[in-house]
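Enquirer: What follows is the residue order along each chain.
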Amino acid sequence: MGSCLRHRWSKVIVTALCLLALCPFSPAQRRGSDENERLPPREEEVIYGRVPDITVRTIVGKTQRLSDWWQKRPVLLTFVFAHCAGVCYPYLNSLRDAIRQVGGLGSDYEVVALSFAPEDAPTELRLMAEALRLLGKERAYWHFGVGEPKAMERLGHAVRFWYRRIKGTNQYDHPAMLAAIKDGRVIRLLVGATVSPMRLREVLQELKGEPVLVYPLPDARMPFRCFRYDPKTGAWRPDIGLLALLAPPLLTAMVVLGLFRRKAVQERHQASEGRTSFDR
Amino acid sequence: MAEIALPAEVEWAPAERAAFQRLTLAWGGTLFVLFPVLGLLGLFMRLSHANFFPDLDPIWFYAALTLHGVGMVGLWFITGFSGVLYLLSRYVRPSLAVSRLSFALTLFGVLLLVIATLVGRFAAGWYFLYPLPYRSGGAWANWATDVYLIALAILGVAWTLWALDLLRAIAQRYRLSQALCWHFLRGETKPEVPPLILITTVSTIASLTGFVAAVILLAFFAADRFAGVPADPLLMKNLVFYFGHVLVNITMYLGVAMLYDVLPQYVGRPWKTTATTAFAWNAVLFLVLFAYFHHLYMDFAQPKAFQVLGQVASYMISLPAAVVSILGTLAMVYRTKGRWTLASSLLFAGTMGWAVGGVAAVIDSTIAINFRFHNTLWVPAHFHTYFLMGVVLMIMGFLAHLTAKLSGREEPPALRRTILTLLLVGGYGFCSCSTLRALTMSPADMLPIPKNWHKASLTLG
Chain A
1 MGSCLRHRWS
11 KVIVTALCLL
21 ALCPFSPAQR
31 RGSDENERLP
41 PREEEVIYGR
51 VPDITVRTIV
61 GKTQRLSDWW
71 QKRPVLLTFV
81 FAHCAGVCYP
91 YLNSLRDAIR
101 QVGGLGSDYE
111 VVALSFAPED
121 APTELRLMAE
131 ALRLLGKERA
141 YWHFGVGEPK
151 AMERLGHAVR
161 FWYRRIKGTN
171 QYDHPAMLAA
181 IKDGRVIRLL
191 VGATVSPMRL
201 REVLQELKGE
211 PVLVYPLPDA
221 RMPFRCFRYD
231 PKTGAWRPDI
241 GLLALLAPPL
251 LTAMVVLGLF
261 RRKAVQERHQ
271 ASEGRTSFDR
Chain B
1 MAEIALPAEV
11 EWAPAERAAF
21 QRLTLAWGGT
31 LFVLFPVLGL
41 LGLFMRLSHA
51 NFFPDLDPIW
61 FYAALTLHGV
71 GMVGLWFITG
81 FSGVLYLLSR
91 YVRPSLAVSR
101 LSFALTLFGV
111 LLLVIATLVG
121 RFAAGWYFLY
131 PLPYRSGGAW
141 ANWATDVYLI
151 ALAILGVAWT
161 LWALDLLRAI
171 AQRYRLSQAL
181 CWHFLRGETK
191 PEVPPLILIT
201 TVSTIASLTG
211 FVAAVILLAF
221 FAADRFAGVP
231 ADPLLMKNLV
241 FYFGHVLVNI
251 TMYLGVAMLY
261 DVLPQYVGRP
271 WKTTATTAFA
281 WNAVLFLVLF
291 AYFHHLYMDF
301 AQPKAFQVLG
311 QVASYMISLP
321 AAVVSILGTL
331 AMVYRTKGRW
341 TLASSLLFAG
351 TMGWAVGGVA
361 AVIDSTIAIN
371 FRFHNTLWVP
381 AHFHTYFLMG
391 VVLMIMGFLA
401 HLTAKLSGRE
411 EPPALRRTIL
421 TLLLVGGYGF
431 CSCSTLRALT
441 MSPADMLPIP
451 KNWHKASLTL
461 G
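Chain order of the listed sequences is A and B.
Residues in the first sequence are numbered from 1 upward in steps of one, following our numbering.
Residues in the second sequence are numbered from 1 upward in steps of one, following our numbering.
Pulled out of the complex, with its shape left as it was, chain A reads as follows (with noise of 0.2 Å):
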């Protein structure tokens, strides 16, 4: 009977050290550990950082530089696959979407999207392309195109752009990202399936070296404001809040004043005291 009890517990702790054992490798481990690497991409870590120039094969059969693009004029750079069942499409309408409301494509910037799955030929993103339904004048600065695997991971890597393949599909886990680039550098990042034409402006604005506005989100139960702001026209009024400001100098003044006011007084009557024995 104590034989079989020892028996009985020593595989209890054999089962616990082995399952022990294997928790590094369990599979709440690899999620977290894919989890971290899956995370939204973050602007902070590569701002301002260099870009590869890498080649790219277009749609309309061209082999050109990045570079060839940036050199012009900022590019927007995104990151799609052709046989996408997922974001691509929908952020890409919403891209040409924002960018109709915003303005400025061709003279301050231009779009590439670049597929990343090496599978991708030229010829299937141009039908990729053609289900965007850019206008006439648009298709001249929207750029579709694929570039050698290697040179995609090292482009993606400089923007942290990343992706995975799902298991038994022909999809891929990848987050809908743009890189604002100038000159090479990365300006800015914009993470998120959709693109709002908001932010898509002070992306640009930053490109080309414009101030991005920050303003406090209305709330009514806010008493005092400085400006009344109207992110949308960019005019602002003066509100209340501004006497706040102009409250300083003047309480001070008044201060000072009266601190002063006691030497003006006894001046003036040891003066008219004077006046009067002198008189007298």
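Misleading hints may appear alongside valid ones.
What the hints assert, rightly or not - Partial chain A-side listing against chain B, Cβ under 10 Å, derived: (1) Ile166; (2) Thr169; (3) Met198; (4) Phe224; (5) Arg225; (6) Tyr229; (7) Pro238; (8) Gly241; (9) Leu242; (10) Ala244; (11) Leu245; (12) Pro249; (13) Leu251; (14) Val256; (15) Glu267.
Said to hold, decoys possible - In silico EDC-like links for lysine to aspartate or glutamate, alpha-carbon gap of 16 Å or less: (16) A:Lys150 <-> A:Asp230; (17) B:Lys304 <-> A:Glu210; (18) B:Lys272 <-> B:Glu192; (19) A:Lys182 <-> A:Glu43; (20) B:Lys304 <-> A:Asp230; (21) A:Lys150 <-> A:Glu119.
Stated by the list, open to error - Label-pair distances were calculated between CB atoms; the ranges are: (22) A:Asn170 <-> B:Ala227: 57 to 67 Å; (23) A:Arg50 <-> B:Pro270: 55 to 65 Å; (24) A:Gly104 <-> B:Ala305: 25 to 35 Å.
Hints listed in this document are in silico derivations from the structure and should not be mistaken for laboratory results.
As the structure is a prediction and not an experimental result, all values here were calculated from the model.
The beta carbon of each residue, even a glycine, is placed where N, CA and C say it ideally should be.
Could you slot chain B onto chain A? The hints should help.
Expert: Below, chain B without anything else, positioned relative to chain A:
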């Protein structure tokens, strides 16, 4: 030592005079205790940049940044103020009781700052930009913010009382127009007013405006904390920099006031108030209220006119005070067989350091350049240059002057040369490292990002 300044006109009882000297030395002693400690926090931050503590929670970097920033600025302000008070006591009669009260309140305030940052891990920076202090995402507790703001309130009360008392003392002898030397602008030279009175009056009035801004700022924080009334972040940022920028500027001017009063005693030439000096310092009083806008170049909900005003005021403010004082110093020592003691050498070196750091500051206040330099090491580089190699040397020069005068001893020349060499080589070496690094870095790439904040930003984003 030649008595070059205007003759003393205030008689103090020996006991009062001794008490004043003791208090000034106490401020000086506090400086020599706190300065190395706060300096070590700076060293800790630079080592963090160099990844010496990879496993340390980055929040400690920001807690150290907060204490280092607020501590250094406050420390040199109060030492400068106490020094100027001592020098002024020859001409006017400030209250000893108010000075003692300010000293006690300041020590208490500093203690609270240490608790808020090193115990409570309050890490919003000295500028504690709204709404971060009470919305830290769990990085520190709200009580730490309470303690930090209470500490600032106590320091504010102490220094406001001090400033008011000083103005009261000046007002007992001079009319406002005399203290600000407006009669010099009209071409009159009587009554003679020492430049020390002029600069101190200007500095104290300007510092009072900063303290009022701080009171309004704290009131908004209290309304948010206790009544749930949100404040306008842009308004809060304006108030923070109104207060902060003015305080730093005034600290510089306190050092310059010492220069005007002490250096002539070593070079044997009087530094008298002239119409130019009067104009320069009155212009400072006006311009110092607007220069702070250069801290808000990135806030473009603010009208462009304010940004332009910030640049123009920043350029113009460097002309009257800096050029008049710096050229005045050069003219004063030119072809003069002055006595180059530790005190006079430090005052001279501080003035030149102010010029070097001032140029870097003016560069940074240029809107087009600020877009590139914002959040790079250029910012700490330039203010460390004009602060460490400017006002710090000036105030140390004053302390050397005071201790030499009270002890009646002359420092050994070898010791003087060693101290000066170490200060100049170490100081400029330190500042140059940051300046050169600034030219090769991208904005904010020296800042560690607390893990929790990144997760929080993802959640919010």
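Enquirer: Each hint: holds or not?
Expert: Hint-by-hint comparison with the structure:
no., hint, verdict
1, Ile166, "22 Å, violated"
2, Thr169, "27 Å, violated"
3, Met198, "14 Å, violated"
4, Phe224, "6 Å, holds"
5, Arg225, "4 Å, holds"
6, Tyr229, "4 Å, holds"
7, Pro238, "8 Å, holds"
8, Gly241, "4 Å, holds"
9, Leu242, "8 Å, holds"
10, Ala244, "5 Å, holds"
11, Leu245, "6 Å, holds"
12, Pro249, "5 Å, holds"
13, Leu251, "5 Å, holds"
14, Val256, "6 Å, holds"
15, Glu267, "7 Å, holds"
16, A:Lys150 <-> A:Asp230, "46 Å, violated"
17, B:Lys304 <-> A:Glu210, "12 Å, holds"
18, B:Lys272 <-> B:Glu192, "9 Å, holds"
19, A:Lys182 <-> A:Glu43, "15 Å, holds"
20, B:Lys304 <-> A:Asp230, "14 Å, holds"
21, A:Lys150 <-> A:Glu119, "13 Å, holds"
22, A:Asn170 <-> B:Ala227: 57 to 67 Å, "59 Å, holds"
23, A:Arg50 <-> B:Pro270: 55 to 65 Å, "60 Å, holds"
24, A:Gly104 <-> B:Ala305: 25 to 35 Å, "26 Å, holds"
Checked against the numbered hints listed earlier, the structure breaks hints 1, 2, 3, 16; every other hint is satisfied.
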